[in-house]
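Protein chains: 2
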Amino acid sequence: MTKNLVIQNGLIVTANEHLDVFTGDIWIKDDCIVSMGSTISPPNDATRIDATNCIVMPGLIQTHVHTCQTLARGYADHLSLLDWLKQLIWPYEATLTASDVAIAAKLAMTELVLGGTTSILDMGTVRHTEHIFQAAHDIGIRAHIGKVMMDKQEDMIPKPLQENTRQSIDESIALYKQWHGKENERLHYALAPRFSLSCTKQLLVETAQIARDYNLLIHTHANETLEEIELIQKELNVTHLEYLHSLGLTGKHVALAHCVHLQDIERNIIKETETHIVHCPSSNLKLASGIAPTPEYLKEHINIGIGADGAPCNNNLDGFWEMRLAALIQCPRFTAKALQTHQVLRMATLSGAQILGSTDQIGSLEVNKKADIIIVDNQNSHTVPQNNPYSTLVYTSRSSDVRDVIIDGKIIVKEKHLLTADTEETIHHAQEHANEIFKRI
Amino acid sequence: MTKNLVIQNGLIVTANEHLDVFTGDIWIKDDCIVSMGSTISPPNDATRIDATNCIVMPGLIQTHVHTCQTLARGYADHLSLLDWLKQLIWPYEATLTASDVAIAAKLAMTELVLGGTTSILDMGTVRHTEHIFQAAHDIGIRAHIGKVMMDKQEDMIPKPLQENTRQSIDESIALYKQWHGKENERLHYALAPRFSLSCTKQLLVETAQIARDYNLLIHTHANETLEEIELIQKELNVTHLEYLHSLGLTGKHVALAHCVHLQDIERNIIKETETHIVHCPSSNLKLASGIAPTPEYLKEHINIGIGADGAPCNNNLDGFWEMRLAALIQCPRFTAKALQTHQVLRMATLSGAQILGSTDQIGSLEVNKKADIIIVDNQNSHTVPQNNPYSTLVYTSRSSDVRDVIIDGKIIVKEKHLLTADTEETIHHAQEHANEIFKRI
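As given, the protein sequences belong to chains U and E, one line each in that order. Just so we're aligned: 400 in my numbering is position 400 of the first sequence, and the numbers increase by one with no gaps anywhere. Just so we're aligned: 432 in my numbering is position 432 of the second sequence, and the numbers increase by one with no gaps anywhere.
The following block holds chain U by itself, in its conformation from the complex (with noise of 0.2 Å):
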């Protein structure tokens, strides 16, 4: 039986290419949005939302998250990438039950939603890749999820998280069979080659041809710090980007996480093959990787996601602390108009949907998209008076803010309540599983 829901007097931001704003209705048949306006007619038994003093708009799509880190929030200040992956996040994940990683996503995904957040793009660990999937399915989150690839035999790699290639790619081929399309279209498979200097060229190239086999998304971290590109130039002898374009790693289907230092060659190779960039300015910050001139990449055309990256280097999984730092933190470089906060809005969700290969689906408020759709409560001693509610949503609104969340025409939160799991459970069992695992480690 067809399912009628209707969000009634919101301030409407459609967040789409003619950044329309009005107040007025939207109606969702299922899962897709059928009509929206101020003079709508849905069915009279439909279920009706008051939205009233507050804003709707499209759901934050983050580009760049790992849900499995989340058990290490807190255990991992004061590091930066290199260290930080080798001290304290590969034997993190190296000792990841199937059960620490249910448990990770589950509390990732929670925190998520609850923030207004309906879309991930997910970096899984080496393995219980399903544990993400079977997560998402039960939390009802949009994602695309992959599993880690990384097969280079080297000494800082713990034992338990290295693979050979062959085994990379058949889990990961296993999986996208297993997932990929699965819940109306909901989940995802995204193919995750950690970073260059983790995996081999073999590794990278039998990736690239995957995904164009299958059609799918590559999901990779690039030019975070100077340190891992030194690196990385110093091995190969070329720029990152020009390494990962010949080897077939670039293009339309690829999103790689930081790009905080690019060359002018790499920026060239990034424009000319519509490779996207994930911008994750607190990440960025706090493992003091630098600053991705994101007003420049955008003057050039790049398109730009965003995304928090983990907890263990964040230590939220805040959609709109995320968006109000991207516009913050480039002002003393290039002006107090480095970024309007409309762009800074497109990066957390159309930009977001284009690169997920989604913008027929999500990304914007539509109709014939999918009702992925969050209702953020205006009326608040922090969020009065307004004056333009791009720059309410982006300098002022908090993650707190969101009253419901909508997920593929499914409310997953209602008045700030979870109605997918128990969240106090989720939190229980995962201070539970942190303490075991810090034990063990």
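Because the hints were derived from the structure by calculation, they are not lab data. A hint or two may mislead.
It does not matter which identical chain is used: a pair holds within one copy or between any two.
Unchecked claim - The list that follows gives simulated cross-link-like pairs (lysine-lysine, DSS-like), each with its CA atoms no further than 27 Å apart:
| no. | residue 1 | residue 2 |
| --- | --- | --- |
| 1 | LYS86 | LYS234 |
| 2 | LYS337 | LYS271 |
| 3 | LYS201 | LYS159 |
| 4 | LYS439 | LYS337 |
| 5 | LYS152 | LYS414 |
| 6 | LYS337 | LYS86 |
| 7 | LYS182 | LYS86 |
| 8 | LYS182 | LYS410 |
| 9 | LYS3 | LYS299 |
| 10 | LYS252 | LYS3 |
| 11 | LYS439 | LYS416 |
Just so you know, these numbers come straight off a predicted model, no measurement behind them.
With chain U held as given, fit chain E onto it using these hints.
Frame of chain U; chain E shown alone:
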């Protein structure tokens, strides 16, 4: 009759000199902490607040805010400091009526206390300062407040904001006499010359003298942007701090907001005179001013407080945001070890108290200090797992996690609801007043 209040079973982050943390209870008698520990014996009829799964800590102290500016939130984006002042903030302040100032201050203080800030150093505008005091009186926040002093007759300053030296001083003294030490010493006067570009030398010299005569704090802006510094240096032919020092505007009773850019000679003056710096990271980013090198200042034993500045340059008044940002933004320049989280928490607690000359009263949880205490919910999907309470508070907690706020022994916020004013009414009036103000200017 004595009132007894007990906060039970919280994780008590004392923020004292020894950084003591323990699980236990706090007994408050009237306005003061009389006992703390795991085995205290308050009377049976004491009011009890359960703080299980919460962090109990001193209320945040923000030592640079402009509560009167709150109605311009969201109306002043994408401008650098001097344009922001000339094009928006001065015209805004020039048009403010007494009731505008009253509602702006009430809105700000509502946001502040709901977000865990229990004490502020506030700079008003030229007039209507009594309404800021009245708002602090009504809301119950602890406050040092001063009218802005700006007696330079310059074209760029709107007529209604121009005052002569005598008026400026006389009104300051009158306000001091009316409010200083009132409400069980919860309200204080602080002299507030705006900044050197808007004050005559005579005003600054007289202000310095009054500060000595009346034992008052001086609260001003200094070295916020390179543009302002250049203008001052051109006019005076010495560095700004040399100028302030020569006029008597340095010392333990002087709080300089910003100090983003300081020459060595200026740092030395600040260090040797024990003048305080107030760090305002959001504001410094948003106005494109720069990033104050706080790790260097701390190494030189300069005392640093923290503040959100005003809503139009932030756009929040959120102490947790400022702490998080203060921690993150130093890493690209000073490594991931730039600042320890307890150092950042201190900026917002004991160092703030030091600026206010109140370390014997506030800034940490200690027996015989005032009961300015906040209870922060610690069991959320975005705050677990927890490893280190300073990391949790600085990187992870949100102002919306603040559950209860006690100021001067009184419960001001209970279960996230303000008890001392009608928040809905404040929000409603604030939007109405803002609409009117921006119709006028």
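Here is how each hint holds up against the structure:
1. LYS86 <-> LYS234: Result: close within a single copy only, 20 Å intra versus 52 Å inter.
2. LYS337 <-> LYS271: Within one copy only: 23 Å inside, 35 Å across.
3. LYS201 <-> LYS159: Answer is within: at 20 Å inside a copy they meet the 27 Å cutoff, but 70 Å across does not.
4. LYS439 <-> LYS337: Classified as between; 24 Å across copies, 48 Å inside a copy.
5. LYS152 <-> LYS414: Answer is neither: 45 Å inside a copy and 55 Å across each miss the 27 Å cutoff.
6. LYS337 <-> LYS86: Result: close only across copies, 17 Å inter versus 39 Å intra.
7. LYS182 <-> LYS86: neither (35 Å within a copy, 57 Å between copies)
8. LYS182 <-> LYS410: within (16 Å within a copy, 55 Å between copies)
9. LYS3 <-> LYS299: neither (43 Å within a copy, 63 Å between copies)
10. LYS252 <-> LYS3: neither (35 Å within a copy, 67 Å between copies)
11. LYS439 <-> LYS416: Classified as neither; 34 Å inside a copy, 36 Å across copies.
Comparing the model with each earlier hint shows violations of hints 5, 7, 9, 10, 11; every other hint is respected.
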